[in-house]
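**Student:** Chain residues, written in single-letter form:
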Amino acid sequence: MSKQPGILKVIHSVADITHDPAEDESLFATGTLDSFTLPDLVNGLEQEFAVTIPDSDLVPERFDTRRKIEQYLDTLVQ
Amino acid sequence: MSGAAYLRAFGSYLPEQFVDNAALAVRTGRTAETIEKTTGISERRYAAPVQSVADLGLAAAQDCLARAHVDASAVGLILFASGSSERCFPGPAATLAARLGFTATPAIDLPIASAGSLIGMALAADLVARYGNVLVVAAEIMSRRITDSDPDTAILFGDGAGACLISRDSGPAPAIAHIADLALYTDGNFAESLTLAHGGTLAMRGLEVIMQAARKVPRAIADLLAKNNVAAEDVQVFLMHQANRNLLAKIAKELKVPEDRFFSNIASFGNTSSASLLIAASQWSDSASVTGPVVFAAFGAGLQWGALLAVPVAS
Chain U
1 MSKQPGILKV
11 IHSVADITHD
21 PAEDESLFAT
31 GTLDSFTLPD
41 LVNGLEQEFA
51 VTIPDSDLVP
61 ERFDTRRKIE
71 QYLDTLVQ
Chain H
1 MSGAAYLRAF
11 GSYLPEQFVD
21 NAALAVRTGR
31 TAETIEKTTG
41 ISERRYAAPV
51 QSVADLGLAA
61 AQDCLARAHV
71 DASAVGLILF
81 ASGSSERCFP
91 GPAATLAARL
101 GFTATPAIDL
111 PIASAGSLIG
121 MALAADLVAR
131 YGNVLVVAAE
141 IMSRRITDSD
151 PDTAILFGDG
161 AGACLISRDS
171 GPAPAIAHIA
181 DLALYTDGNF
191 AESLTLAHGG
201 TLAMRGLEVI
211 MQAARKVPRA
221 IADLLAKNNV
231 AAEDVQVFLM
241 HQANRNLLAK
251 IAKELKVPED
261 RFFSNIASFG
271 NTSSASLLIA
281 ASQWSDSASV
291 TGPVVFAAFG
301 AGLQWGALLA
311 VPVAS
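Keeping their order, the protein sequence lines are chains U and H. For what it's worth, the numbering used here labels the leading residue of the first sequence as 1, then goes sequentially. For what it's worth, the numbering used here labels the leading residue of the second sequence as 1, then goes sequentially.
The set of hints was computed from the structure by calculation and includes no laboratory data. Be aware that a few hints might be false.
Taking lysine-lysine pairs in the DSS-like style, the calculated list, with each CA pair at most 27 Å apart, reads [stated by the list, open to error]:
no.	chain 1	residue 1	chain 2	residue 2
1	U	68	U	3
2	U	9	H	253
3	U	9	H	256
4	H	37	H	253
5	H	227	H	253
6	H	256	H	37
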């Protein structure tokens, strides 16, 4: 089951945007996420998907696009 | 901790040259408004070309000793934190000791940026049992370690120095507080996130640093408070490394305490790296006294981070 609806929900809760970013759109390059919304995104993902993201995985590249976020979340639940 | 340790006094020194966002806008291509909005910094101080890290540290140390009403000759150990000292060795600790008139008193460098003063305070708390009075100094000239070609970092930093006297005894003059407990941490897996090579300029992966700080600092504080049965809402003030106002807000939110419980002077001085915690403590203690638990916390290159809990001195 796609995690994209949940990912979009979290992105909208932390970012000041009205549109849905494309799956491969860089959330950093477009300014959707910055250094101060990124930690909130991580917290939001943990709550939305009931997962714990360890400190060692807190690398920005994992969270740069919707697709990368989903790929990463998939590794957590496997 | 190995015994009683008291915070006797703080001190600080800020260089005279003001650098506002308009000046940085010319240099970096960012607008003054953008700099203010993204950092919460209005201005910072830069050291004069003739000033050294030891010069700044000496001024803060003298301010601290004067406030403590302690003669320099009573200091048993100096710990000097700096991530921006001019040479590999000797560091500024020995220079400072000589300029305070010492010829044999141990003076040890802590080449640690950002969290350096917290680590100095933590080490001092355990070392006072042997050395009596430990003078912790942190001084930085970050303005010589940034480049305008990296605006993300150039807009953040300022120069300054802070100091703190920690003693085995509360002293004839009332001590500020008693150090109750502390915790230090290191995670070298993110060592490359924030670096300063010999002769180079500061390199920071901002997103990586903020992700780690936003997670590790609140946890360190929460763990320390829980261990000591102190509720976060009962903390009188949080005195932090002044990295960024937005980060302070994030930590406050995580701990579920009002943001105004976090003292902040970053608008006036920017990020002065290891010096910022003691400058903040000095400024806060100018207009307040410790009436409840006080938390000191810092985070920086290494990654190094930690927290220290101080409480009012028992009457």
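**Student:** Work down the list of hints and note, for each, if the structure agrees.
**Tutor:** These are the hints, each one checked on the structure:
no.	hint	in the structure
1	U:68 with U:3	holds (11 Å)
2	U:9 with H:253	holds (21 Å)
3	U:9 with H:256	holds (23 Å)
4	H:37 with H:253	holds (19 Å)
5	H:227 with H:253	holds (21 Å)
6	H:256 with H:37	holds (24 Å)
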